[in-house]
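Novice: The task is simple: from the sequences and hints, build the whole structure.
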Amino acid sequence: MGIILVPHPDLLMVMYWFGEVAGNTLTPCPSRDPKYLSDRLDSPGADIEEYTPFSWESARDCGFISSREEYIRILRSLCIFRAERDLALISCHPGQEIIQMVRMLDQVDEAVNLLTEKALEWHAARDPTFSRKYRQVRGRRAREILSGSENQMMQAIVLELKNLSGLRETLSKEITILASDTMPNSSTLVGGVVAARLLSAAGGLSRLATLPAGAIQVLGAGQALFSHLNLGTPAPKHGIIYQHQRVHSAAKERRGKVSRTLAAKLAIAVKIDYYRGQKDPEFLESADRAIRNAGGRP
Amino acid sequence: MIWIDGILVSEGECGVYGERTLRGFRVWNPYRSKLAAYYYLGGDLEIEPEMRVLYLGAAHGTTVSHVADYSEITYAVENAYAPMRDLIAVASRRKNIIPIFADATLPLFYAPLVESVDMLFQDVAHPDQAGIAMKNSMFIRPEGHALIVIKARSVDVSRNPGDIVDEACRVLDNSLLAVRKVMWLEPYHHDHAMLVCKKVP
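Protein sequence lines, in the order shown, are assigned to chains H and V.
Letter 220 of the first sequence, counting from 1, is numbered 220 in the working numbering, and no numbers are missing.
Letter 49 of the second sequence, counting from 1, is numbered 347 in the working numbering, and no numbers are missing.
It should be emphasised that the hints constitute simulated quantities derived from the structure, not laboratory data.
Remember, it's a predicted structure, so these values are computed and weren't measured experimentally.
Note that beta-carbon positions come from the ideal geometry of N, C-alpha and C, so glycine has one too.
Among the hints, a few may not be true.
[Said to hold, decoys possible] Now the in silico label distances, taken between C-beta atoms and shown as ranges: (1) 321/V - 92/H: 43 to 51 Å; (2) 329/V - 48/H: 39 to 47 Å; (3) 111/H - 299/V: 41 to 49 Å; (4) 319/V - 45/H: 43 to 51 Å.
Specialist: Below, the structure is given as structure tokens:
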């Protein structure tokens, strides 16, 4: 049996938003300003280990307020103040913007592919000799084929597709710039867009920074991971990081090792990005060497 | 609760989320709100005008706005960034919603703000929903009530929803909350059960 320490009643301090109890006396806060009240709740001494139920009457009895309406009014302004402040803290972080930009990029990609696909089908309906066999009918090549059409409408569609893929390139460059600013080390390791995708999958830099390397390695391969855990299919070797050239261009039997090493180094890089926020050339150089060795090149 | 020709409504400022109105009252849709579904299915734990309610998992503030129409004050706890924006927008137009941007698994962070309440309503998507209810039961006054939505699919998609609810009941029966009734919210919500609990004195 352990010894249970019971503090002397005079030493017990209980904190409420409108005041604090020490011993048997409740001292009301000197100010009703939301910022003052909020800062007081955030002060280190305000950490409480136990909740003591209270009723609003104690706020009235100690003279902090005079009526229930006043109690609710001041509490409400305090809580709205705190919630708005916390929201602003999150939204002013560039990570949130990067996440939205990556989602937009994926959506533009999807739109371009879908429209190209439909336009090609339309084109095929007009030209009986058109076949996709023995050639790559994708992206720019597909647009070239389509622009050869005499159909005015098709010309207009091709123009829009060109504009959209131009937009995609600009957006992708923007993401790279913003990512190399926000996460300089991880962007150097895997490139801005892949780093941004990892950020988006994790839901924020703080979350990404707390993920273990193994989780970063399979981030984005959720379906394969859970089918591995539940059904015993082979474990995924890589998720989003596959998009990085060093992973997908590695020899097939080496890919697992490369992605493992890359993920391990990324886990460190993200932590430097989050906690230090500066580029660390020494780390980047050693990480680069490790990843290159994993690829089996001298 | 106000019923007009078998339709549950509440009285308050209209147009919070594009809800329909009926003779100037706001229609409370059981397909959108689990609490409304509970009342449609014969739930008798009503929100009285003098009640203080703690609402966990307030989300965009749609159900919260109806709860606030009936109650004296509603403490609305939400942890996600995007819904919180909407919740603040709702709270700033109503005098009796206290929005709290916090994690319901860590009630001590908002404990200094929340007085004793008459009713706890919980609708959170979390694997440990019974645990969250237990932790937050400290805010309920003795003999106060708790309505806890168990979203079976949020606990484990692959398990039988009935087993999950049984397990949640077992967990709660070992706490200060006694489960009085289990009500499945079919046909309004699939694999959702409402646990009606009373805090032991």
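Novice: Would you mind marking each hint as holding or not holding in the structure?
Specialist: Okay, the hints, checked on the actual structure:
Take residue 321/V and residue 92/H: their Cβ atoms lie about 45 Å apart, and the range 43 to 51 Å holds. Take residue 329/V and residue 48/H: their Cβ atoms lie about 40 Å apart, and the range 39 to 47 Å holds. Separated by about 47 Å at the C-beta atoms, residue 111/H and residue 299/V satisfy the suggested range of 41 to 49 Å. Remark: the range hint 43 to 51 Å for residue 319/V to residue 45/H is upheld by a beta-carbon distance near 49 Å.
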